[in-house]
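Enquirer: Here's the letter readout for the chains.
Number of protein chains: 2
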Amino acid sequence: MSWLETELREQPEALACLLERQAASARTAARLFQRSDLRYLLIASRGSSSNVARYAQYLLGRAHRVPVMFATPSLYTIYGQPPRLDGALVIGISQSGASPDVVAVLAEAREQGRPTLALTNDVASPLAQTAEAVLPLEAGREQAVAATKTYVNSLGAVALLFAEMGNDATAREELARMPEALARQIELSLAETPSLEEYRDAVGLTVVARGVNYGTGFEIALKIRELSGLVTEAYSPADLMHGPIAAIQPGWPVVVVAPSGPARPSVEEIVPPLRARGARLVAVSDVRAVLRRAQTKLVLAPGVPEWLSPLTAVVPGQVAAMRLTRLRGLDLDSPVGLRKVTLTR
Amino acid sequence: MSWLETELREQPEALACLLERQAASARTAARLFQRSDLRYLLIASRGSSSNVARYAQYLLGRAHRVPVMFATPSLYTIYGQPPRLDGALVIGISQSGASPDVVAVLAEAREQGRPTLALTNDVASPLAQTAEAVLPLEAGREQAVAATKTYVNSLGAVALLFAEMGNDATAREELARMPEALARQIELSLAETPSLEEYRDAVGLTVVARGVNYGTGFEIALKIRELSGLVTEAYSPADLMHGPIAAIQPGWPVVVVAPSGPARPSVEEIVPPLRARGARLVAVSDVRAVLRRAQTKLVLAPGVPEWLSPLTAVVPGQVAAMRLTRLRGLDLDSPVGLRKVTLTR
Chain A
35 MSWLETELRE QPEALACLLE RQAASARTAA RLFQRSDLRY LLIASRGSSS
85 NVARYAQYLL GRAHRVPVMF ATPSLYTIYG QPPRLDGALV IGISQSGASP
135 DVVAVLAEAR EQGRPTLALT NDVASPLAQT AEAVLPLEAG REQAVAATKT
185 YVNSLGAVAL LFAEMGNDAT AREELARMPE ALARQIELSL AETPSLEEYR
235 DAVGLTVVAR GVNYGTGFEI ALKIRELSGL VTEAYSPADL MHGPIAAIQP
285 GWPVVVVAPS GPARPSVEEI VPPLRARGAR LVAVSDVRAV LRRAQTKLVL
335 APGVPEWLSP LTAVVPGQVA AMRLTRLRGL DLDSPVGLRK VTLTR
Chain B
35 MSWLETELRE QPEALACLLE RQAASARTAA RLFQRSDLRY LLIASRGSSS
85 NVARYAQYLL GRAHRVPVMF ATPSLYTIYG QPPRLDGALV IGISQSGASP
135 DVVAVLAEAR EQGRPTLALT NDVASPLAQT AEAVLPLEAG REQAVAATKT
185 YVNSLGAVAL LFAEMGNDAT AREELARMPE ALARQIELSL AETPSLEEYR
235 DAVGLTVVAR GVNYGTGFEI ALKIRELSGL VTEAYSPADL MHGPIAAIQP
285 GWPVVVVAPS GPARPSVEEI VPPLRARGAR LVAVSDVRAV LRRAQTKLVL
335 APGVPEWLSP LTAVVPGQVA AMRLTRLRGL DLDSPVGLRK VTLTR
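Protein chains in written order, with my numbering: chain A, 35 to 379; chain B, 35 to 379.
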């Protein structure tokens, strides 16, 4: 079995590890959010971790009403003119904790006397050493170049922070049930995802998602892209309507990520214009009405609360990425020309 | 002549109009930035206006060191749980001023007692009526679906705010010379842009840019996409390296936007890995060494200060979009299935 598939199957266990071992660190880290001078969060990240940042933006933005901003590392590393960060809590998300641009943002924040938090799988990394507080991801060693369990555990770390920030017993219980829900989803997706043979000759595809699953859309697109080399992209339905939909030609595959929840009707509104353009629709959903409208159905197991749905909604995307990669005869563990740790400034 | 080409040629005049007529409004609006409780800017926008927001993020982030965040309209319109905005100055950018999601963000900001500013071409629009201060874009009527002069004037409005915020005489003078520089650039690009015949069968392309021109990369990609229907995308070099480069296959066109300035060497670092993958390189630059490395050269006129380079660097992209659209036999003024004003929630 490839490392990728092995690690994909290890996700529930890795998540359970995080929840068991790091509840106390999450409680400590959550105290940073209580500072009276806190106005917003600034997150520095790259790649899959940026998709986790998108989850944080909607999850924390929503229920705790904290605005979340993404860092612009070039202001720190290229221009040497970092913004003034008063009011900010600065969070670095990086599985390796090694990328110099992410570290530079946290180093500047400390210089300016702002609180900093690292979410990383390597507690000895430069990022962990730079941050005031660390929430270890506990994903264990990840060998495959494309992140799976470090991605889900990064989402889990954000969800844990969320539950601890609100000191919310219901949220804690819902989160505690997620390793089991994730195991169920992985089994379901491995058993039920079609071969995708009809997409063998696709050049690329578009993923549409919104709200707490906006980041899921980007992560599914990234996973398929890294592994299969297809040209993939992700949009919110509103952003797609403002011009980019012009490139959706007959036969172009569009994945619509629409689990139950408040964002679902708004994501579904994109279906008629996509149909009018002759797109081939793939649905990721637990809602029968949504699945019925798609040519290809990637079924989500029911019963996951919307705020936690990104932890399971990514799984059919991971499995689809594996299938498409095999169809194209590529190596799951060595995507062409990629390395596990990418160092950028 | 198409409306698109007519309006593209009107850009210098439209920019001159803005600079002449709105210096006083910009001075008034700039006072909003002096509030002692201001910690960051929050910008709401869609489509081309989001590319203007990216310019503001780097321009204001850089020299005035103001952090800039983008709004997440679904928190306001879908979830009904908008973030707390203390510390924010909230800016809406919308050529039509009509999109309900952009208006919703400003309405919430006023509700929360925060200062608001609208950049819009329609002073009678819902957005203008919702905002406390308005900076009219003065682009005149724009008929083509794809924005050209409203885009450049939105950049001009941000540049004007920048100069007035700093009460910066040099910046004012440099900006005052831009209508002429823009006219020179348009003439140069119309005369020297190659036919692009060799890209007739391209399925899509990727644009790479960074720093103040990060938004230029997105705008060039959007313009080509809206008009020609090609699948286009934009990345910073660092984000492309963190996985998405896997989809760059032999022959895939990559446009590298690299005007003189601090970001240029970092953008150029992407050239060797792109070459290794067999990409066809297109350069947008005023630097001979950069142009020499590309198969297709889109020349920028020299002498434009880096902070203003987005106003001219977009032009070769607009002209390339026109050429590609004609090669594909499409109508410049009616991109398939798009409308001038898009209303999204």
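Take the hints with a grain of salt, since some may be wrong.
Copies of one chain are not kept apart here, so a pair can be met inside one copy or by any two copies together.
What the hints assert, rightly or not - Mimicking SDA-like on lysine to any residue, the simulated pairs with C-alpha atoms at most 25 Å apart in a straight line are:
1. Lys374 x Pro306
2. Lys374 x Gly147
3. Lys374 x Thr62
4. Lys374 x Asp71
5. Lys374 x Asp273
6. Lys331 x Glu226
7. Lys374 x Arg327
8. Lys331 x Ala58
9. Lys374 x Arg311
10. Lys331 x Thr62
11. Lys331 x Arg65
12. Lys374 x Ser300
Read the hints as simulated data drawn from the structure, not as lab findings.
Enquirer: Each hint should be assessed against the structure and marked as holding or not.
Expert: Going down the list of hints, with the structure as the test:
1. Lys374 x Pro306: This pair counts as between: shortest inter-copy Cα distance 19 Å, intra-copy 40 Å.
2. Lys374 x Gly147: This pair counts as neither: shortest intra-copy Cα distance 32 Å, inter-copy 47 Å.
3. Lys374 x Thr62: Neither. Shortest intra-copy (30 Å) and inter-copy (51 Å) distances fail the 25 Å Cα cut-off.
4. Lys374 x Asp71: neither (38 Å within a copy, 43 Å between copies)
5. Lys374 x Asp273: between (31 Å within a copy, 14 Å between copies)
6. Lys331 x Glu226: Within one copy only: 9 Å inside a chain, 49 Å across chains, cut-off 25 Å.
7. Lys374 x Arg327: Neither way: Lys374 and Arg327 sit 38 Å apart in one copy and 29 Å across, limit 25 Å.
8. Lys331 x Ala58: neither (40 Å within a copy, 57 Å between copies)
9. Lys374 x Arg311: Between copies only: 18 Å across chains, 38 Å inside a chain, cut-off 25 Å.
10. Lys331 x Thr62: Neither, since 42 Å and 55 Å both go past 25 Å.
11. Lys331 x Arg65: neither (42 Å within a copy, 54 Å between copies)
12. Lys374 x Ser300: between (36 Å within a copy, 21 Å between copies)
Figure legend: structure checked against the earlier numbered hints; hints not met, in rising order: 2, 3, 4, 7, 8, 10 and 11.
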